[in-house]
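Asks: The residues making up each chain are set out below.
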Amino acid sequence: MKDHPIDRRRALATLGALGLGASGLTLSRPRRAHAQTLGQHETVDEALKRLFGARPLKDGGGIVKLDLPLIAENGAVVPVSVDVTSPMTPANYVKTIYVVADKNRIPVVFRTTLGPEAGQAAIGATIRLGETGDVRAIVEQSDGTLLAVKREVKVTVGGCGG
Amino acid sequence: MEVTRRDLLKLLAVAGGAGISPRALAADDGGRHLLEFQALGNVTLLHMTDPHASLLPVFYREPDTLIGIGAERNYPPFVTGEAALRAWRLAPGTPEAYAYTHLDFAELAARYGRLGGYAHLATLVRRIRDERPGRTLLLDGGDTLQGSATALWSRGEDMVRAMNLLGVEAVTAHWEFMYGVERVRELFGDAEHRGLFTGDFLAHNVSEAGFGDRIFKPYTVRAVGGVNVAVIGQAFPYTVVAHPRRLVGDLAFGIREDQVQALVDEARDRGKADVVVLLSHNGISVDLKLAARVTGLDVILGGHTHDALVEPIRVRHTLVVNSGSHGKFLSRLDLDVRSGRIVASRYRLIPVLARLLPEDPAMARLIREVRSPHDAKLTERLAVSESLLYRRGNFNGPFDEVILDALLKRADAEIAFSPGFRWGLTILPGQAITLEDVYGHTALTYANTWTREMKGADVHRVMEDVADNLFHPDPYYRQGGDMVRLGGVSYTIDPAKPVGRRITDVRVGGRPLDPAHRYKATGWASLGEASGPPAWDVVAAHLRSVGHLRLDPRPRVRVV
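If you're matching them up, the sequences are chains A and B in order.
When the letters of the first sequence are read in order and numbered with numbering that gives the first Met the number 0, they come out as residues 0 to 161.
When the letters of the second sequence are read in order and numbered with numbering that gives the first Met the number 0, they come out as residues 0 to 559.
Careful: at least some of the hints might be erroneous.
Stated by the list, open to error - In the EDC-like style, the derived pairs of lysine to aspartate or glutamate whose C-alpha atoms are separated by at most 20 Å in a straight line are:
#	chain 1	residue 1	chain 2	residue 2
1	B	Lys496	A	Asp133
2	B	Lys288	A	Glu151
3	A	Lys94	A	Asp82
4	A	Lys149	B	Asp257
5	B	Lys288	A	Asp66
6	A	Lys48	A	Asp101
7	A	Lys64	B	Glu256
8	A	Lys64	B	Glu463
9	A	Lys102	A	Glu116
10	A	Lys94	A	Glu151
11	B	Lys496	A	Glu151
12	A	Lys94	A	Asp58
13	A	Lys64	A	Glu45
14	A	Lys102	A	Glu151
15	A	Lys149	B	Glu256
16	B	Lys454	B	Glu413
17	A	Lys102	B	Glu463
18	A	Lys149	B	Asp473
Calculated directly from the structure, the hints in this document are not laboratory data.
Just chain A, same shape as in the assembly:
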């Protein structure tokens, strides 16, 4: 779905009133009354191409542990942690951890630079998610290898029945 800021804002207002969920979601939404000038508006494919060019992204399953809720309780504050199994020695360490939210207007949420002096490659943060989509952790190791994992996070209108 292509994002039209105005339509989406109106849709969210409707959902909030409808109340099948969304009060938190409405609050959580970055205000779009004025076009945001800071930050790189791009698609996730453009972002990955810009950051990594044609370099291959290997499957980081088993090495990179990405933890975040499956259904966001509040899209404005979604806790995320990335934990990478790495010796963190000068010869072999994790250099950078990126967190990318595919559906955010600015998909590259943050990048963290690490060195062997960190002792371990583990970070935690709170991020903001606009809507349901994949969140990826991409790890660049000191030898230049890129490892990626992802997980779908649902930002729902909520309401339930059980």
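Here the structure of chain A is known, so what remains is to put chain B in place on it, guided by the hints.
Replies: The following block gives chain B in isolation, referenced to the frame of chain A:
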């Protein structure tokens, strides 16, 4: 219930037509055999869940439509009707068919009567405790404080008193939180303090949203029949998403699989547990997935999705039990535990056949005490229904249609929304609908109605979102509940499709939904603010004006 003699004769005639032979009727013991149980081993776990404040015996029709996704499809619990009879090897027209399926519901209800009720349940529990002294543990999976007028008006207190009298030893929660976390603390206590409840309130997966401090006791270890039984409490993981943030906004929940594993290990190592039980409000599909991914869990006693699982499902070494809802059933799981291992087990989902279980006098007294100040109001007869009315099922049920009709009429709207709740009792043909019955379908702390304009595209988006919460291929993304109920609308759904592509051919008043058109919409149970009158007033006013209700089938959902 108001069933006249003529109605009864009619029902029996239908029963004859439904293939229930007169001989089977003669040999019928009314279900007595279901109350007998050959004891086994040293531990008896008694489990009830999702009673939804049903203090009195109930009619509650199990669903006719319950769709499983992918590998779940057509396997228990995703079997209904004839398929359920085949899966569980049951005969039609029996007390089992009545309790466990929707088949011939009105006819069999007339024959076997209501199920559940705390006074009858108390008698059954006492009998089992007398038979197995020191060997029983009674656990309640939660959704106990919501679903009746008296529970709403006493903000859950009447139910906690009933739980105490019943002797519930541990409980976990979901709808309890609709009264706000402070009320939950008052009634149930927390990790440091006791509340009104005399047992343990267990919820390892509830913490403060900011620093993540755990609020409630995560588990308890009880000596039962000479062995240690650990019970870990798992509250409904998506409580925050499912209810207004003003009630639960400062809390974080979640499935927390790693934490479950850590607590299982801790209970075995530090708690010296021989048996580890998860008292879960996950919903059955989440229970089954969790059982496959956590090691060392012996038993999951589950609720939330109201599945009346006739036999446990074994996942690797874990027995998964789900015990229905509304007090219809008491699960009894006998375990033979030797050297820290379960060597044998025996189970029954016992239908609490009220006719065969005399009331426990103390519980009956408490129930009278709770109800008597409100008796005149509760028993007001609003209308008589010619039709069978129920809510449970994946899509609109006839009681939903009554609510939707009431909403559409009041707001003069084109589209009405009502949540796909799985609670709410069944009304038999010929039965009077009382104000209490209406509260039984609407008793929320956020029951206000709303009316506003809504774009066709947004209507479709809401439908897709709710369908994804019900039919996501990964159970961990499901919230439970059924499809949102829609009035004035018909549609086609393909549950196996991905989100955004399940719902097609949406029609409003028979005409295709126009994404750009603004429709007049109405609904209730908003998670945001809503200022219209509460749903019970709207529905009661509608029923009073109708007087006599007849609902012909409305084919508004086509499933492909």
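Asks: Could you run down the list of hints and mark each one as holding or not?
Replies: Each hint tested on the structure:
| no. | hint | in the structure |
| --- | --- | --- |
| 1 | B:Lys496 <-> A:Asp133 | holds, 18 Å |
| 2 | B:Lys288 <-> A:Glu151 | holds, 17 Å |
| 3 | A:Lys94 <-> A:Asp82 | holds, 13 Å |
| 4 | A:Lys149 <-> B:Asp257 | holds, 18 Å |
| 5 | B:Lys288 <-> A:Asp66 | holds, 18 Å |
| 6 | A:Lys48 <-> A:Asp101 | holds, 13 Å |
| 7 | A:Lys64 <-> B:Glu256 | holds, 14 Å |
| 8 | A:Lys64 <-> B:Glu463 | violated, 31 Å |
| 9 | A:Lys102 <-> A:Glu116 | violated, 34 Å |
| 10 | A:Lys94 <-> A:Glu151 | violated, 25 Å |
| 11 | B:Lys496 <-> A:Glu151 | holds, 17 Å |
| 12 | A:Lys94 <-> A:Asp58 | holds, 17 Å |
| 13 | A:Lys64 <-> A:Glu45 | violated, 25 Å |
| 14 | A:Lys102 <-> A:Glu151 | holds, 11 Å |
| 15 | A:Lys149 <-> B:Glu256 | holds, 18 Å |
| 16 | B:Lys454 <-> B:Glu413 | holds, 12 Å |
| 17 | A:Lys102 <-> B:Glu463 | holds, 18 Å |
| 18 | A:Lys149 <-> B:Asp473 | holds, 15 Å |
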